[in-house]
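Number of protein chains: 2
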Amino acid sequence: MAALKGTMVIGQSGGPTAVINASLAGAVLEAKRHPEIEGIYGALDGILGVIHENMVDLGRERPEVIEGLRSTPSAILASCRYKLAAADYERILAVFRAHNVRYFLYIGGNDSMDTAHRLGRLAAEKKHRLVVMGIPKTVDNDLACTDHCPGYGSAARFTALSVRDAGRDSQAIGSVDSVKIIEIMGRNAGWLTAASALAREDPDDAPHLIYVPERPLNLARLLEDVQRAYDRRHYVVVAVCEGVKDESGNVLAESRLPIDVDAFGQGQRGGAADVLCQLIKSRLGLKARFDKAGTIQRVFMATASPVDVKEAALVGEMAMRHAVAGVTDRMVTLERIADDPYQCTTGLVELAKVANAERLLPDEFLSPSGNDVTAAFTAYARPLLGGPLPPYARLARYPVARRLAD
Amino acid sequence: MAALKGTMVIGQSGGPTAVINASLAGAVLEAKRHPEIEGIYGALDGILGVIHENMVDLGRERPEVIEGLRSTPSAILASCRYKLAAADYERILAVFRAHNVRYFLYIGGNDSMDTAHRLGRLAAEKKHRLVVMGIPKTVDNDLACTDHCPGYGSAARFTALSVRDAGRDSQAIGSVDSVKIIEIMGRNAGWLTAASALAREDPDDAPHLIYVPERPLNLARLLEDVQRAYDRRHYVVVAVCEGVKDESGNVLAESRLPIDVDAFGQGQRGGAADVLCQLIKSRLGLKARFDKAGTIQRVFMATASPVDVKEAALVGEMAMRHAVAGVTDRMVTLERIADDPYQCTTGLVELAKVANAERLLPDEFLSPSGNDVTAAFTAYARPLLGGPLPPYARLARYPVARRLAD
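These protein sequence lines are chains W and G, in that order. Take 1 as the starting number for the first sequence in the numbering used here and just add one per residue. Take 1001 as the starting number for the second sequence in the numbering used here and just add one per residue.
Any given hint could be a false lead.
[To be verified] One side only, chain G facing chain W, incomplete, derived with CB under 7 Å: (1) 1081; (2) 1173; (3) 1335; (4) 1339.
I should point out that these hints are in silico values taken from the structure, not numbers from a laboratory. Using N, Cα and C, we set each Cβ at its ideal position, and we do this for glycine too.
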């Protein structure tokens, strides 16, 4: 079957990552290899760029700019969090017809896969031949049907490195700041928070406690955990996911102010670490402070995982390649072949299977204590960091020759 | 004059940095070159390690461990923030006598230089021949009499990189998070906050507003600044120092809870960004969030400045070299020879001149508007980053061929 001739539109959606532009580069470079692709358009602000016909001609960008996207974080086309209304779908189809758009590639999370799926279905109903493909992206690593998500490895590497360093900081200055809480991104899934454990080499290394949304938070037990960890080392580093919930399922810290609720009805999370600091100060009498790198975690390019950058470009490339071959209504997945040495290939899954599904940390990745991860998790996640973390010195701490009698 | 024979004790004090261990490596490696140095002891927990005779024999550590300190962040000997009492000085002298300590090197900020100076004076009074040398260290860059402080360049590089990336994040998702406040360390001096400007290449690049403690914060004007910046770009990135004060000199956010007040009577700063977020939401009706990398800023090793690492080792080495030559009661300084290409050498200054002094951002480094830095500041600070920041792609944004009539 001859490939469909026409314009390709690509958009980026949801929260940015360090590698979402690498996926864009992969798709655009692949598109350029196919003469059937008569135009390569980038939708600005995600799907809103299609609705408002606010698109740019990526085919005319200099090759070095497209190549440069591999090492440029965040979403260069800009992103959105917008829930499509019924009228929007008709409008999008009209724009697609006007520009002879035959390929729509959407880089995003589960909401974006839902959008792409619905668009494909509508186009079929309205007899506009359209290929839709999804390209996975999320630092949260919570998409179903894929071994992991591009964006996660880089955010995980930053998390592992920064918690290691913040842990060394606490070790040095524990006499001043006894408890440090590090708040890590994640709404319902604790994948990124779990990655805080990936730099640990020794049982005394930070983080000493890890709390994820998959396990209800019992505050009394948390205080006991912190006190016990403090008694052992005289400093404690806690990694906590911003989305942690108490035993009644209430999020520990979330703003439901109207201004903070998004198009999908989700409030703004964040503040869990601050809440815990106040609690630890007042209930345990220990000095506490928090670090919350916030959006820096998801886009910090200097420590991006090389594996992640490569895979992000690959899923973009494969989405375009499959699209030209006539595959539609699918998201490209990552399928792991082996942990060590790490090997991975791509696969395909129906968009509808990914849309609005959410993959949480499975039980085997969480310790029974509810405050740590397991060796199975580290075996899964370590290869995604894209290489070993640079080693740090450890003193043997030889005793000095003699002691002054006190 | 023959060099004094005896033991050298070295300690690390105050807040950790990415390169305070590089200074330790520099001093220890230099000490090993001098047969007069009969023992190389590391005081654990700063001066407390001397008081409690809690010291380790660094001379016995394997050479690769000492070398590894150059790439290991935070204070490996552990640090303290402790104000010496009168009795402590006598005790320290007794410990020094017992171990035949003739050299005391202290890596720290102005309080530490004061401690070292007093110890030297006491030893002279009590006829114990002792050489004391200070090695500068602080991410705050607020020590007097030195061009800059080891630790600053690395923290500045992390700040510049992370604000650039967080800015790209905001640019992509400004429709969701209109205002991002990035809280940066600094008590009275805004040097590190100012470094947030160092990655800017374009007037539209983040940060769009910079607030430092050297300029009183007028909240009404800040809200006007934010609204104006938002009107221009539809997203705003603000860098704010945790130590900013209002026009009455009150710190915007500081905890004075007894548990949060340290040995020097200083409360725990932090929270300025949260205060500003609430204000912006309620007064401007704009969505706002904050990033606060906290202690990660000061110790993040993956983006340490190569110039900073080298200079930190150099000041350690020079302190030891001068000490063996009989110089005492001095801190090693950094003296800049040229900006471009950057060249720097070391000098010496009396400890008393540095002790308890504080160098704030001078007027010529701050814009008259009170919300930005000047070109003079970037010329001063850029070389300290230790090399150019990796370039990012910028799209030309070519228009698409035609438009559908609305």
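Quick rundown of the hints versus the structure:
1. 1081: Holds. Min distance 5 Å.
2. 1173: holds (5 Å)
3. 1335: Since chain W brings no Cβ nearer than about 29 Å to residue 1335 (chain G), farther than 7 Å, the hint is violated.
4. 1339: violated (24 Å)
Of the hints listed earlier, those the structure fails to meet are numbers 3 and 4, in rising order.
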